[in-house]
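All chains, full assembly: derive it from the sequences and hints.
Going line by line, the protein sequences match chains P and L. Per this note's numbering, residue 1 is the first one in the first sequence, and the count goes up by one each step. Per this note's numbering, residue 1 is the first one in the second sequence, and the count goes up by one each step.
FYI, nobody ran anything at the bench for these hints, they're computed from the structure. Please note that a few of the clues may not be correct.
To be verified - Restraint-style ranges between C-beta atoms, simulated for each label pair:
{"#": "1", "chain 1": "L", "residue 1": "Pro101", "chain 2": "P", "residue 2": "Glu80", "range": "50 to 58 Å"}
{"#": "2", "chain 1": "P", "residue 1": "Asp339", "chain 2": "L", "residue 2": "Asp258", "range": "17 to 25 Å"}
{"#": "3", "chain 1": "L", "residue 1": "Asp141", "chain 2": "P", "residue 2": "Thr6", "range": "21 to 29 Å"}
{"#": "4", "chain 1": "P", "residue 1": "Lys133", "chain 2": "L", "residue 2": "Lys483", "range": "52 to 60 Å"}
Stated by the list, open to error - In silico EDC-like pairs for lysine to aspartate or glutamate, Cα to Cα no more than 20 Å straight-line:
{"#": "5", "chain 1": "L", "residue 1": "Lys57", "chain 2": "P", "residue 2": "Asp232"}
{"#": "6", "chain 1": "L", "residue 1": "Lys47", "chain 2": "P", "residue 2": "Glu46"}
{"#": "7", "chain 1": "P", "residue 1": "Lys133", "chain 2": "L", "residue 2": "Asp24"}
{"#": "8", "chain 1": "P", "residue 1": "Lys113", "chain 2": "L", "residue 2": "Glu88"}
{"#": "9", "chain 1": "P", "residue 1": "Lys433", "chain 2": "P", "residue 2": "Asp232"}
{"#": "10", "chain 1": "L", "residue 1": "Lys113", "chain 2": "P", "residue 2": "Asp24"}
{"#": "11", "chain 1": "P", "residue 1": "Lys137", "chain 2": "L", "residue 2": "Glu88"}
Claimed, not checked - Pulled a few chain P residues facing chain L out of the computed Cβ check, cut under 8 Å:
{"#": "12", "residue": "Ala30"}
{"#": "13", "residue": "Val36"}
{"#": "14", "residue": "Ala64"}
{"#": "15", "residue": "Leu68"}
{"#": "16", "residue": "Phe69"}
{"#": "17", "residue": "Ser73"}
{"#": "18", "residue": "Glu88"}
{"#": "19", "residue": "Cys89"}
{"#": "20", "residue": "Ala90"}
{"#": "21", "residue": "Thr93"}
{"#": "22", "residue": "Leu97"}
{"#": "23", "residue": "Ser130"}
{"#": "24", "residue": "Cys146"}
{"#": "25", "residue": "Asp367"}
{"#": "26", "residue": "Leu368"}
{"#": "27", "residue": "Gly371"}
Glycine included, C-beta positions come from ideal geometry on N, C-alpha and C.
There are 2 protein chains.
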Amino acid sequence: MAKEITPRSENYSQWYNDLVVKADLAEQSAVRGCMVIKPYGYAIWEKMQSVLDAAFKKTGVQNAYFPLFIPKSFFSREAEHVAGFAKECAVVTHHRLMNDPDGNGVIVDPDAKLEEELVVRPTSETIIWSVYKNWIKSWRDLPILCNQWCNVVRWEMRTRPFLRTAEFLWQEGHTAHATAEEAEAKARQMVGVYADFARNTMALPVIVGHKSPNERFAGALDTLTIEAMMQDGKALQAGTSHFLGQNFAKSFDVQFADKDGGLQYVWATSWGVSTRLMGALIMAHGDDNGLVLPPALAPIQIVMVPIYKTDEEHDAVIAEFEKIKAGLEALGHSVQIDDRDTLRPGFKFAEWELKGVPVRLAMGARDLAAGTVEVARRDTLTKETMALEGIEAHIHGLLDDIQANIYKKALDWRDSNIRKCDSWEEFKTEIQKGGFLLCHWDGTAETEQKIKDETKATIRCIPIDSCVCEEEGVDIYSGKPSKGRVVFAIAY
Amino acid sequence: MAKEITPRSENYSQWYNDLVVKADLAEQSAVRGCMVIKPYGYAIWEKMQSVLDAAFKKTGVQNAYFPLFIPKSFFSREAEHVAGFAKECAVVTHHRLMNDPDGNGVIVDPDAKLEEELVVRPTSETIIWSVYKNWIKSWRDLPILCNQWCNVVRWEMRTRPFLRTAEFLWQEGHTAHATAEEAEAKARQMVGVYADFARNTMALPVIVGHKSPNERFAGALDTLTIEAMMQDGKALQAGTSHFLGQNFAKSFDVQFADKDGGLQYVWATSWGVSTRLMGALIMAHGDDNGLVLPPALAPIQIVMVPIYKTDEEHDAVIAEFEKIKAGLEALGHSVQIDDRDTLRPGFKFAEWELKGVPVRLAMGARDLAAGTVEVARRDTLTKETMALEGIEAHIHGLLDDIQANIYKKALDWRDSNIRKCDSWEEFKTEIQKGGFLLCHWDGTAETEQKIKDETKATIRCIPIDSCVCEEEGVDIYSGKPSKGRVVFAIAY
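In C-alpha cells, the structure reads:
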C-alpha cells in the first residue's frame with residue numbers, strides 16, 4: 001500500500017479521516033475548524049457543482065450573489081431563525097488593523113469599531129429577503145428563483161472535514177411565490193432534484209421525506225430532506241429543501257399586489273446542499289483500500305500505468321496508451337497516463353486505488369505484443385485481460401456498469417439495514433447496531449425528544465416516496481396511536 | 001425608452017451607475033459597500049468565469065479552496081504585505097451572539113471573544129503559503145499551480161458597484177516554483193491569459209506592462225498588469241500578475257530539497273481578476289441606450305420579439321421563432337423569445353437594448369408572409385430586413401462580426417486617445433483631457449509621486465508588448481535621462 005489506512009472494522013471514524021487526508025481531498029488549516037480543500041477534492045466538488053447547477057437551471061433557477069455580511073439586527077427579525085442561527089457565528093466588530101504601538105505586529109484599531117456588528121452569513125434568508133423587498137411589487141414580479149454558490153460560516157465546536165466545518169461551501173436557493181401551493185411545489189421539486197442527483201450522479205441511495213418539527217430548519221413550516229445511510233449504519237442528511245411559508249416575507253415586510261389589486265405576503269422556499277456531500281460520497285462507497293468514486297464524479301475516470309524495463313518498451317507502451325487516451329477523450333472521458341519514472345507500478349496501483357479512480361489500465365511489452373491490456377475495476381477490485389481491439393468502447397460501457405454497480409451495492413447494503421421495529425425494548429438494542437429503524441411514532445415532539453434523550457436516535461424523516469410506511473399502529477415509546485412509520489437512526 | 005439613462009456626455013459617472021442598476025446588473029445592499037449581483041449581471045460573470053477557468057486549466061492550473069479567515073498574526077509576517085493589506089479589513093473578534101438581557105434583539109456575547117482575531121481575507125497569500133509549507137518538501141513537489149474562485153473583503157471608504165466594493169468576487173492564482181525563471185515565466189504566462197481573455201472574449205483592447213514600483217502589489221518584486229481605457233479616457237487596471245520572489249516563502253519558511261540535496265526557498269507568483277471586469281465591460285462598450293455586450297459574454301445572444309394583432313398572427317410568428325431558435329441553439333447560441341403579452345414591442349426593443357443583447361429579431365404577419373425577418377444589431381443600432389431562408393447561418397456569422405466590430409471600435413477609439421507628450425506644461429493640460437499619455441520617465445518613485453501629487457495621474461504601466469516605447473529621452477518632469485516611454489493616465 002502506498003499510504004496506510006486504518007481498516008473500517010477497526011475504527012470507522014479514523015478510516016474516514018485517513019481517507020480524507022491520504023487521498024488528498026482536504027486538510028485542516030491554521031484556522032480552527034476551517035479546512036483546505038485540496039485540488040483533488042475540489043475537482044470532485046466542481047463536478048458536483050456542474051451537474052447540480054445544470055439541473056437547477058433546467059427548473060428556471062438563476063444564479064445571483066448576495067453579501068457575505070448580514071447586519072446583526074436582521075437576525076432578530078424572524079423569531080425562530082434567531083434562535084437557530086444567531087448563536088454560534090463569526091461576528092465582525094471592527095474594520096481596521098493598526099501597527100501595535102509596542103512594535104508587536106498588528107492589533108485591532110479600537111477607533112475602527114463598526115456602528116452595527118456584522119455577522120458572517122450562516123445562511124442567507126434574512127439578507128436575501130431584505131433584498132427581495134425591493135424586487136417584488138406586483139404578481140408580475142413573481143416567481144423569483146435565485147440560487148447562490150458561496151461560503152457560509154457556523155461556529156461549530158466539534159468539526160470533522162466535510163461533515164461539519166466552521167466554514168463550508170454550499171449552494172442556497174431562495175424562491176419567492178404568489179401562492180402557498182406554488183412554493184410547496186417548488187420545495188418538493190428541489191428535493192427531487194437533490195434525490196436524482198444523489199442517486200444518479202453520486203450513486204447514493206436516499207430516502208426522501210419530511211423532517212419532524214424538532215428537526216426542521218429554523219423558520220420553516222416544512223423541511224424536506226434526503227437521508228442516506230453510511231457504512232457504519234449512521235444516517236447522513238445530504239440535502240434539505242424548506243417551505244418557509246410567509247415567515248420571512250412578514251419579517252421583512254415583502255408584499256405584492258395581486259391580480260385583484262389586494263396586497264399579500266409572499267410565499268418562500270429555500271434549499272441547499274453543501275461540501276458535506278463530499279463526506280457522504282467518501283463514507284458511502286470507500287473501502288479499506290481507499291476512495292471508490294462513481295465515474296460520474298471521478299476527476300480521473302481512467303488511469304494508465306505503463307510497465308517496462310527498457311526505454312523502447314516504455315515508448316511503445318506510452319504510444320499505445322496515447323492512442324487509447326485520444327479515443328476515450330473523444331468519448332467524453334477524463335484520462336491520465338501515469339508516466340512518473342521514479343515510482344514502481346505497484347506503488348502507482350495502490351495510489352490510484354487510494355484515490356478511487358474507477359478504471360485502471362496496465363500494459364507491458366508482452367501485452368502489447370499480444371494485443372491485450374489489463375483492465376482493473378476499482379469497485380470490485382477485479383482484473384481482466386482484454387483485447388486492445390475495441391477497448392475504448394468496452395471501457396465506455398464499463399464505466400456505466402461501474403456507476404450502476406456502485407449504486408446497487410450501496411442500495412442492497414442499505415436495504416439490508418432497514419428494519420421494522422415495534423417494541424421499545426428491542427428498539428434500544430437494535431438502534432445501537434446501526435441502520436434505519438422503521439417505527440410508529442405518535443407525532444409529538446415530546447416523544448421524539450424522549451427517544452433522543454434515551455438513545456441519541458432521531459427521526460431522520462417521515463418518508464414520502466415509499467408506501468411501506470403508511471399503516472396504522474401504536475407509537476413505539478408512548479403507545480399512543482400512529483398513522484405511519486417513520487425512519488429512526490443515529491445521525492452524523 | 002424603457003428606463004431613462006443619463007447620457008454619457010452629461011455625466012459619465014451617473015451614466016455608469018444608471019446602467020448598472022437599470023440593466024439589472026447589481027444594486028447596493030443594506031451592508032455598506034457590499035453589492036448584490038443580480039441574475040443578469042451574475043450570468044455575465046459566470047460566462048467570464050467559464051472562459052477564464054478553462055484557460056487556466058489549459059496551463060496546468062488546478063482549483064482548490066483555502067479558508068476565508070486569516071489569523072491576524074499572519075499579516076505581520078511579510079513586512080510590505082502588512083502595510084498594503086492589513087489596514088482596512090473586516091476583523092472577526094467574537095464567535096457568538098446572545099439574546100440581549102434587556103430584550104432588545106441580540107447582542108455580541110462578551111464571553112465569546114476569540115483568542116486571536118481573524119481577518120476576512122483581503123487576498124490569500126499568507127494563508128496559502130502557511131499551507132504550502134506542508135505541501136512542499138522536495139523539488140518533486142514543485143511546481144504547485146493552484147487557483148481559487150472566492151470572495152474577498154477590503155474595507156474601501158468610497159465604493160462603486162463592480163469597480164470598488166468592500167466585498168468582491170475574484171479568482172486568485174498562487175503558484176510555487178523551484179526557480180526564479182520558472183516563476184517569472186508563469187507570471188508572464190498568466191498576464192498573457194488575461195490579455196487574451198480581455199481582447200478575445202471581452203472585446204477589450206489592453207496594454208500589457210510592468211507596474212512601476214509605486215504601484216506594485218504589496219510584497220511583489222514585479223507586478224504585470226493589463227490596462228484598459230474607458231470611454232471617459234480614464235484607465236482601468238483589469239488584471240494583475242505578480243512575481244513574488246521568495247518573500248512569502250521566507251516569511252512562512254517554505255523550503256525545498258533540490259536535486260543536489262540542498263535546501264532552497266521556493267519562488268512564488270500570484271495573479272487575479274475580479275468582478276471589476278464587469279465594470280470594465282460596461283464602461284468600455286456601453287452607449288446612451290444601455291449596455292453593449294460582446295456576443296461571447298452575452299447571457300442572451302439573440303432576442304426575438306413578435307409583432308401581432310390577432311392570436312393567429314401571434315401563434316404563426318411564435319411558431320416560426322421556435323424553429324429559428326432551435327436552429328440557433330443547435331449552433332450553440334443562447335436565444336430568448338420575448339412573448340410577454342403585457343408589453344408593447346417598442347418597450348421590449350428598448351429593454352433589450354438597455355440589456356445589451358447583441359441581436360434582436362422582430363417579425364410580424366407581413367414579414368412572415370414575405371418570408372423575411374427584421375434583424376437589428378445592438379452594436380451599430382442598424383436594422384436590416386433579411387430572408388428567413390438561411391437566417392440561422394447568417395446570425396451565426398453576424399455574431400462573430402459583432403464581436404469583432406465591438407473590439408475594433410474600442411481599439412480605434414483607444415488608439416486615437418493615446419498620444420505622446422514631451423513637455424511638462426503640455427502634460428498638465430493634456431492629462432485633464434483624458435486618454436493615455438506616452439511620456440519619458442526617469443524611473444524614480446519620487447518623480448512618479450510628484451507627478452501624481454500635481455495631476456492625479458499615475459504610471460499605468462511600462463509596456464512590454466509594444467515597441468513604440470523603447471527610445472531614449474528625458475523625463476517629462478525631472479528632465480533626467482529616460483530609457484523609454486511609459487503610460488500615464490488618470491485611473492479608476
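Worksheet item: Which earlier hints turn out false for this structure, listed by number in ascending order?
Response: Going through the list in order, the structure violates hints 1, 5, 10, 11, 25, 26 and 27 and respects the others.
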